[in-house]
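Colleague: Here the protein sequences come in this chain order: A and B. All the letters of the first sequence, read from the start, carry residue numbers 3 to 114 under our numbering. All the letters of the second sequence, read from the start, carry residue numbers 11 to 124 under our numbering.
In short, the hints are calculated from the structure, not lab data. Any given hint could turn out to be false.
[To be verified] Cβ pair distances, simulated, as ranges:
no.: 1; chain 1: B; residue 1: F79; chain 2: A; residue 2: K62; range: 30 to 36 Å
no.: 2; chain 1: B; residue 1: R65; chain 2: A; residue 2: T30; range: 15 to 21 Å
no.: 3; chain 1: A; residue 1: E65; chain 2: B; residue 2: R120; range: 31 to 37 Å
The C-beta atom is built at its ideal place from N, Cα and C for all residues, glycine as well.
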Amino acid sequence: GNSVTQMEGPVTLSEEAFLTINCTYTATGYPSLFWYVQYPGEGLQLLLKATKADDKGSNKGFEATYRKETTSFHLEKGSVQVSDSAVYFCALSESSGYALNFGKGTSLLVTP
Amino acid sequence: EAGVTQSPTHLIKTRGQQATLRCSPISGHTSVYWYQQALGLGLQFLLWYDEGEERNRGNFPPRFSGRQFPNYSSELNVNALELEDSALYLCASSRTGYSNQPQHFGDGTRLSIL
Chain A
3 GNSVTQMEGP VTLSEEAFLT INCTYTATGY PSLFWYVQYP GEGLQLLLKA
53 TKADDKGSNK GFEATYRKET TSFHLEKGSV QVSDSAVYFC ALSESSGYAL
103 NFGKGTSLLV TP
Chain B
11 EAGVTQSPTH LIKTRGQQAT LRCSPISGHT SVYWYQQALG LGLQFLLWYD
61 EGEERNRGNF PPRFSGRQFP NYSSELNVNA LELEDSALYL CASSRTGYSN
111 QPQHFGDGTR LSIL
């Protein structure tokens, strides 16, 4: 079956540090991959997406590249801000299934 | 453009009661998805509706049900509530049911079972 594995949190970084959140997946077909962010007390916001191998999704300084050979979709940002503190979810959607399979989420805390 | 709206924000019930949660999708979106976010269990897919029909269902018992109305809004009904049904219920919508159409989420309904 399909599954998404994310690195365990919480991750604590100082402002302006480099961020990497690892995500690997298992899928039987050719999934689309997503990163969502959840701020405290809110629902999920789509951060970025990639629909095929070697696609790079980017938004608000965050980037992730769809790597089929390593079945990975790691999230990166060059310089984090306090406002980036949130929970980040990696997710996939199979072409035949349409429901999102989520990883368990990685909590990020950025300190001034 | 208005986002996905869910009501109520909070809902408190007791064991054995029934709960109804509502969702209005983004204008132009025909697919509605329901997810449960329970402590320690992460986000789990519940139901997917498209064009008024139930298209897929997650691994949940039949007391979780719902429907989609002609205006594409949706209801999630949970019967015979149990303590473990306490969770944040998130609704999402997308333009179609295809995988490369991103799902956009509402802020959720917090269901608490006493």
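Colleague: Each of the hints needs a verdict: does it hold here or not?
Modeller: Consistency of the hints with the structure:
Between B:F79 and A:K62 the beta carbon distance is about 35 Å. The supplied range of 30 to 36 Å therefore holds. Taking 15 to 21 Å as the suggested C-beta distance range, the pair B:R65 and A:T30 conforms, at roughly 19 Å. Between A:E65 and B:R120 the beta carbons are some 33 Å apart, a value that agrees with the proposed interval 31 to 37 Å.
Going down the numbered hints, you'll see the structure goes against none, and every one checks out.
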